[in-house]
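In order, the protein sequences belong to chains A and B.
The first sequence begins at 1 in my numbering and counts up by one.
The second sequence begins at 1 in my numbering and counts up by one.
Hints listed in this document are in silico derivations from the structure and should not be mistaken for laboratory results.
Cβ coordinates follow ideal geometry from the N, Cα and C atoms, glycine included.
Hints should not be assumed to be uniformly reliable.
[Stated by the list, open to error] EDC-like, lysine to aspartate or glutamate: derived pairs with alpha carbons at most 20 Å apart:
hint, chain 1, residue 1, chain 2, residue 2
1, B, K78, B, D62
2, B, K42, A, D31
3, A, K107, B, D63
4, A, K107, B, E44
5, A, K107, B, E85
6, A, K107, A, D26
7, B, K57, A, E29
8, B, K78, B, D63
9, B, K42, A, D81
10, B, K78, B, D102
11, A, K55, B, E59
12, A, K70, A, D26
13, B, K83, B, D71
14, B, K57, B, D102
15, A, K55, A, E29
16, A, K107, B, E59
17, B, K78, B, E53
18, A, K73, A, E29
19, A, K55, A, D26
20, B, K57, B, E68
21, A, K70, A, D31
22, B, K42, B, E68
23, B, K83, B, E59
24, A, K78, A, E10
[Claimed, not checked] Covered by chain B, per the in silico footprint, the following chain A stretches (three or more residues, Cβ under 8 Å):
hint, region
25, 32–45
26, 104–111
[Stated by the list, open to error] Computed, partial: chain B to chain A, Cβ under 10 Å:
hint, residue
27, V43
28, S48
29, F49
30, Y50
31, S55
32, E56
33, F65
34, M89
35, Q104
36, F106
37, G107
38, G109
39, R111
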Amino acid sequence: AQTVTQSQPEMSVQEAETVTLSCTYDTSESDYYLFWYKQPPSRQMILVIRQEAYKQQNATENRFSVNFQKAAKSFSLKISDSQLGDAAMYFCAYKPGGGADGLTFGKGTHLIIQP
Amino acid sequence: EPEVTQTPSHQVTQMGQEVILRCVPISNHLYFYWYRQILGQKVEFLVSFYNNEISEKSEIFDDQFSVERPDGSNFTLKIRSTKLEDSAMYFCASSPEGGGPDTQYFGPGTRLTVL
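All chains, please: the whole structure from these sequences, using the hints.
Rendered as structure tokens:
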């Protein structure tokens, strides 16, 4: 079974600084996809960024980028120029390719932005 | 931008009662999912649904749960006889396709409280 581990229950960063959230996963699959979702206090799940495992290039979406290390099974999220609106729970998620499998989520990291 | 909608936003029920949670997936999506999140815990996959049948389900999705697509737009989750431990946030999600990198788009969730 696949597992996703987020080892940082909480992280704090000053506004405008950069923060990196860690995620590791375990799988025997070669075809899979990785996601970061943001959950603000409203509890809505919002996609931040996704990465296809077959792509070597790290995904980037504006201030959000990932460091995908396939051999190490590591998928960290970097948030640059942190803003107050970035404060939320961040969940790393895994999905095997080729089927209607559900996402496997990590336990989440609570990100606090200090003004 | 199209979005997944869920009703009601909050449902309170007595233990042993049946509840039906409703979702309207994004109109051109083909795969539908239910997840739950017990307060303070990670999001857990319940079931995926495609072509009017269940594609995958987790161990959580036992005989107390059922899903249905009663018409061309709604997707429902029924809990036959609710227990206290069913209290959670229930998220519906949809994706254009199940396999591949297609992102699952989440609804705002229904908070279920079982008394």
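Just to be careful, I want the Cα atoms of A:K107 and B:D63 compared with a cutoff of 20 Å; is the pair within it?
violated, 26 Å
Coverage of the region 32–45 of chain A by chain B (three or more Cβ within 8 Å):
holds (count 7)
Would the hint linking B:K42 and A:D81 be met if the CA-CA limit is 20 Å?
violated, 27 Å
Hint consistency between B:K78 and B:D62 [alpha-carbon to alpha-carbon, up to 20 Å]:
It holds: about 11 Å lies between the C-alpha atoms, which stays within 20 Å.
Tell me if the interface restraint on B:S55 is satisfied: Cβ within less than 10 Å of some Cβ in chain A.
Hint holds; B:S55 Cβ to chain A Cβ min 4 Å, cut 10 Å.
Keeping to a limit of 20 Å between CA atoms, is the pair of A:K107 and A:D26 held or broken?
Holds, at about 14 Å.
With a C-beta cutoff of 8 Å, work out whether three or more residues of the region 104–111 of chain A approach chain B closely enough for the coverage to hold.
This one holds; 5 residues, not fewer than the three required, reach chain B with a Cβ under 8 Å.
Against the 20 Å threshold, does the CA-CA distance of B:K83 and B:E59 hold or violate the hint?
holds, 16 Å
Chain A contact restraint on B:Y50 - CB to CB distance below 10 Å:
OK, holds: B:Y50 within 10 Å of chain A, min 5 Å.
Pair hint outcome, A:K73 versus A:E29 [Cα-Cα no greater than 20 Å]
holds, 11 Å
Pairwise hint evaluation, B:D102 against B:K78, where the allowed Cα distance is 20 Å at most
Measuring from Cα to Cα gives roughly 26 Å; hence the hint is violated.
Checking one constraint from the list: CA of A:K107 to CA of B:E85, max 20 Å. Satisfied?
holds, 19 Å
Consistency with the previously given hints fails for numbers 2, 3, 9, 10, 11, 13, 22 and 33, ordered from lowest to highest.
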